[in-house]
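Below, each chain spelled out in residue letters.
There are 2 protein chains.
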Amino acid sequence: MELRELGRRAKEAKYEAALLSTEVKNSLLHKIADALLADADKIIAQNAIDMENGRKNNMHPGLLDRLLLTQPRMEAIAEGLRQVASLPDPVGTVLETFERPNGMKIEKVSVPMGVIGIIYESRPNVTPDAFGLCFKSGNAVILKGGSDCLYSNKAITDSIRRTLLENGYNPDMIQLIEATDRSVTAEFMKMKEYVDVLIPRGGAGLIRAVVENATIPVIETGTGNCHIYVDKDADMQKALNIIYNAKTQRIGVCNACESLVVHEDIKREFLPLLAAKLAEKDVEIRADESAREVLTDVTLATEEDFGTEYLDYIISVKTVSGVEEAVAHINRYNTGHSECIITENAEAAEKFKKQVDAACVYVNVSTRFTDGFEFGFGAEIGISTQKLHARGPMGLRELNSYKYTIVGDGQIRA
Amino acid sequence: MELRELGRRAKEAKYEAALLSTEVKNSLLHKIADALLADADKIIAQNAIDMENGRKNNMHPGLLDRLLLTQPRMEAIAEGLRQVASLPDPVGTVLETFERPNGMKIEKVSVPMGVIGIIYESRPNVTPDAFGLCFKSGNAVILKGGSDCLYSNKAITDSIRRTLLENGYNPDMIQLIEATDRSVTAEFMKMKEYVDVLIPRGGAGLIRAVVENATIPVIETGTGNCHIYVDKDADMQKALNIIYNAKTQRIGVCNACESLVVHEDIKREFLPLLAAKLAEKDVEIRADESAREVLTDVTLATEEDFGTEYLDYIISVKTVSGVEEAVAHINRYNTGHSECIITENAEAAEKFKKQVDAACVYVNVSTRFTDGFEFGFGAEIGISTQKLHARGPMGLRELNSYKYTIVGDGQIRA
Numbered sequence: 002m003e004l005r006e007l008g009r010r011a012k013e014a015k016y017e018a019a020l021l022s023t024e025v026k027n028s029l030l031h032k033i034a035d036a037l038l039a040d041a042d043k044i045i046a047q048n049a050i051d052m053e054n055g056r057k058n059n060m061h062p063g064l065l066d067r068l069l070l071t072q073p074r075m076e077a078i079a080e081g082l083r084q085v086a087s088l089p090d091p092v093g094t095v096l097e098t099f100e101r102p103n104g105m106k107i108e109k110v111s112v113p114m115g116v117i118g119i120i121y122e123s124r125p126n127v128t129p130d131a132f133g134l135c136f137k138s139g140n141a142v143i144l145k146g147g148s149d150c151l152y153s154n155k156a157i158t159d160s161i162r163r164t165l166l167e168n169g170y171n172p173d174m175i176q177l178i179e180a181t182d183r184s185v186t187a188e189f190m191k192m193k194e195y196v197d198v199l200i201p202r203g204g205a206g207l208i209r210a211v212v213e214n215a216t217i218p219v220i221e222t223g224t225g226n227c228h229i230y231v232d233k234d235a236d237m238q239k240a241l242n243i244i245y246n247a248k249t250q251r252i253g254v255c256n257a258c259e260s261l262v263v264h265e266d267i268k269r270e271f272l273p274l275l276a277a278k279l280a281e282k283d284v285e286i287r288a289d290e291s292a293r294e295v296l297t298d299v300t301l302a303t304e305e306d307f308g309t310e311y312l313d314y315i316i317s318v319k320t321v322s323g324v325e326e327a328v329a330h331i332n333r334y335n336t337g338h339s340e341c342i343i344t345e346n347a348e349a350a351e352k353f354k355k356q357v358d359a360a361c362v363y364v365n366v367s368t369r370f371t372d373g374f375e376f377g378f379g380a381e382i383g384i385s386t387q388k389l390h391a392r393g394p395m396g397l398r399e400l401n402s403y404k405y406t407i408v409g410d411g412q413i414r415a
Numbered sequence: 002m003e004l005r006e007l008g009r010r011a012k013e014a015k016y017e018a019a020l021l022s023t024e025v026k027n028s029l030l031h032k033i034a035d036a037l038l039a040d041a042d043k044i045i046a047q048n049a050i051d052m053e054n055g056r057k058n059n060m061h062p063g064l065l066d067r068l069l070l071t072q073p074r075m076e077a078i079a080e081g082l083r084q085v086a087s088l089p090d091p092v093g094t095v096l097e098t099f100e101r102p103n104g105m106k107i108e109k110v111s112v113p114m115g116v117i118g119i120i121y122e123s124r125p126n127v128t129p130d131a132f133g134l135c136f137k138s139g140n141a142v143i144l145k146g147g148s149d150c151l152y153s154n155k156a157i158t159d160s161i162r163r164t165l166l167e168n169g170y171n172p173d174m175i176q177l178i179e180a181t182d183r184s185v186t187a188e189f190m191k192m193k194e195y196v197d198v199l200i201p202r203g204g205a206g207l208i209r210a211v212v213e214n215a216t217i218p219v220i221e222t223g224t225g226n227c228h229i230y231v232d233k234d235a236d237m238q239k240a241l242n243i244i245y246n247a248k249t250q251r252i253g254v255c256n257a258c259e260s261l262v263v264h265e266d267i268k269r270e271f272l273p274l275l276a277a278k279l280a281e282k283d284v285e286i287r288a289d290e291s292a293r294e295v296l297t298d299v300t301l302a303t304e305e306d307f308g309t310e311y312l313d314y315i316i317s318v319k320t321v322s323g324v325e326e327a328v329a330h331i332n333r334y335n336t337g338h339s340e341c342i343i344t345e346n347a348e349a350a351e352k353f354k355k356q357v358d359a360a361c362v363y364v365n366v367s368t369r370f371t372d373g374f375e376f377g378f379g380a381e382i383g384i385s386t387q388k389l390h391a392r393g394p395m396g397l398r399e400l401n402s403y404k405y406t407i408v409g410d411g412q413i414r415a
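Line order of the protein sequences matches chains A and B.
In my numbering, each residue carries its 1-based index in the first sequence increased by 1.
In my numbering, each residue carries its 1-based index in the second sequence increased by 1.
Source of the hints: derived by calculation from the structure; they are not laboratory data.
Watch out, some of these pointers could steer you wrong.
Which copy is meant is left open, so a pair is good if it fits within one copy or across any two.
When the alpha-carbon atoms are kept at most 35 Å apart in a straight line, the in silico DSBU-like pairs for lysine-lysine are as follows [unchecked claim]:
| hint | residue 1 | residue 2 |
| --- | --- | --- |
| 1 | LYS106 | LYS26 |
| 2 | LYS106 | LYS233 |
| 3 | LYS354 | LYS26 |
| 4 | LYS26 | LYS109 |
| 5 | LYS109 | LYS193 |
| 6 | LYS354 | LYS193 |
| 7 | LYS352 | LYS233 |
| 8 | LYS193 | LYS352 |
| 9 | LYS106 | LYS239 |
Given these sequences and hints, build the entire structure.
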């Protein structure tokens, strides 16, 4: 289908989506979950084509694993949709009410964004997941998944559309862009007339391409060059546990720790303990000159190291003279994601919390908690690293905007 | 100064701005107001150069008037800054607190955006006004005003910077881009490393250029193709008063009414009354065929008319069969600004409020009230017509983002 026609249909569907009652949405989410399980064999068969193509194209084993759909994964997808059904509906929440001296009554009410565009890479589970969140929050969604994943995405989208249609609802509340031509994606990012918000989900390259080319407002997500600062008043055992967790529990995620900042007063005691702990997982340390006075056999960290999100068993180490220098270093190199201080000193903690410019600032807690589920939102569409609209984990509520309604009896402006 | 150096300085200044206490900010705003008045003669003399150049370049008289600075206008500018000082400080407001089962305590706290870029046209009063709002909300600001206004803007900015410096604060909390080269503005819009948010203020062309070229997140403001729908159950006197007010009280503003939608059942009674009322201000009516059965001597409205923000004594008229068609027409042509229904029918009002997709939806109130002051925000940086972050009038609170702070005692993720 021609892209603009698809946009036009989504715009029509968004008005329907916005008016659905919570009960209808929840019931449809359960029916869609049932249908995806009933269609699991067909979907897995289509996924096999993507897998076969992936193998032919020498896709990286890690990516192939992300691409794979299995019966247990289909069950997890269905369960995810049922969980979204159980979450509170953000639409129509009255956020504020006030009355003006002239008698007009103003309400600020939560409303859907409208049409949300999601651009993502080769993970077919994003397709039902993003639909579920957008749908529950009253939005229509246009999905542009990776071409490596097209057969899987088509099969999933077809199943969801059929369930909507069979139940008497507009199937265009979910649409998939099937064209794999880059020019189509480029055009999609500029369809301001039809799309209200774009959310890219994927690697840094994808996100940069969307930010640079879109004219539709974008919520930038996911790049995390996360630091942990070990203060001179740190509890070293806490520091070791948290660093070990944040660096090694899962290396490929945006809330993993990529860089340590260590107070120079404790480097002689702390760094050998750190090296021993990280050696358990063969983590490579790249350190500045001052840290290398203690860790004599590690590589020198370059400027580039401090700016790199490794997503690997590598960590950089910078020594500083105190919390001020730690904050300055972090504010220079971080990506606005998650930053942590380990300290038992309340004043240092306060200063760090206040001055570090990031979505999530932690005191004595692993950065790995930056996550919609861990925050108790019950869902997550992504983690915003920009400051407009939403910052940090985004759940259903963050997929809504608001409107003002103003009711009076003939007020005019003098 | 080189643009990137200016960006680097702003980024440094934003950390200082974010930490200023409310008392310090308010005291500085009063001192800056005093200094602008003390410098009024100098500023007016520099403004005279801009005025002289404007006349030489045959600037439109309306624009020349907007460019002009006088002693009373300088007093209004100073008074504006004092009013901003009297408003509540949004920074540091605890928006939410919650605790997770693992014991970590999460706070959602209001924080400044950081560096705000304002791109605007030839109105020198925007310079102190935008600075005041950004400064009170804890932000550093980079201003790019129209080249027609450069001497005035330099004089105002110099005065503010000197007051900051003389009081021991970083003058880079306000910086002006003096280069008039378009390529500099284009580069500015892509300085994501240094600028957190861009807010364009001006005509539709300026705003489009920013939206199309910026990679920094933009808050789109100000285009208003605002409709008033006169329902079959309208109080006609209210309708006439509101339309007269919304169309003619000030024609060049974004919350002025540009288009009427009229229920066909009342067209024979209502349209002649409307024509008589609008004739008082010589408003030209352009109407669809059905309305022209009643208003036989008016021009036929084209598709283009329905999509035009006239900013002039012109109004388009579309007849519809009911509130559904009215909503569909408005959702097709509006710019997400302000839309109004005139009706005494609660059901029609409810439907309209719920289904019209715009920042401000009015029932029996003039669209001219879409304004930060009229809403009681005490200030306004602009009116957002997009759905990300802020929608409708934006005051101090909307110039803040938020961060999460998470405090624990060693929590790690399982």
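Hints versus structure:
1. LYS106 to LYS26: both (30 Å within a copy, 32 Å between copies)
2. LYS106 to LYS233: between (55 Å within a copy, 23 Å between copies)
3. LYS354 to LYS26: between (39 Å within a copy, 21 Å between copies)
4. LYS26 to LYS109: both (23 Å within a copy, 29 Å between copies)
5. LYS109 to LYS193: So LYS109 and LYS193 pass the 35 Å test inside a copy (24 Å) and across (31 Å) alike.
6. LYS354 to LYS193: For LYS354 and LYS193, the Cα distance is within 35 Å only across copies (23 Å; inside one copy 37 Å).
7. LYS352 to LYS233: Classified as within: same-chain Cα gap 14 Å, cross-chain 61 Å, threshold 35 Å.
8. LYS193 to LYS352: For LYS193 and LYS352, only the inter-copy Cα distance (26 Å) is at most 35 Å; the intra-copy one is 41 Å.
9. LYS106 to LYS239: Between copies, since 17 Å is at most 35 Å while 53 Å is not.
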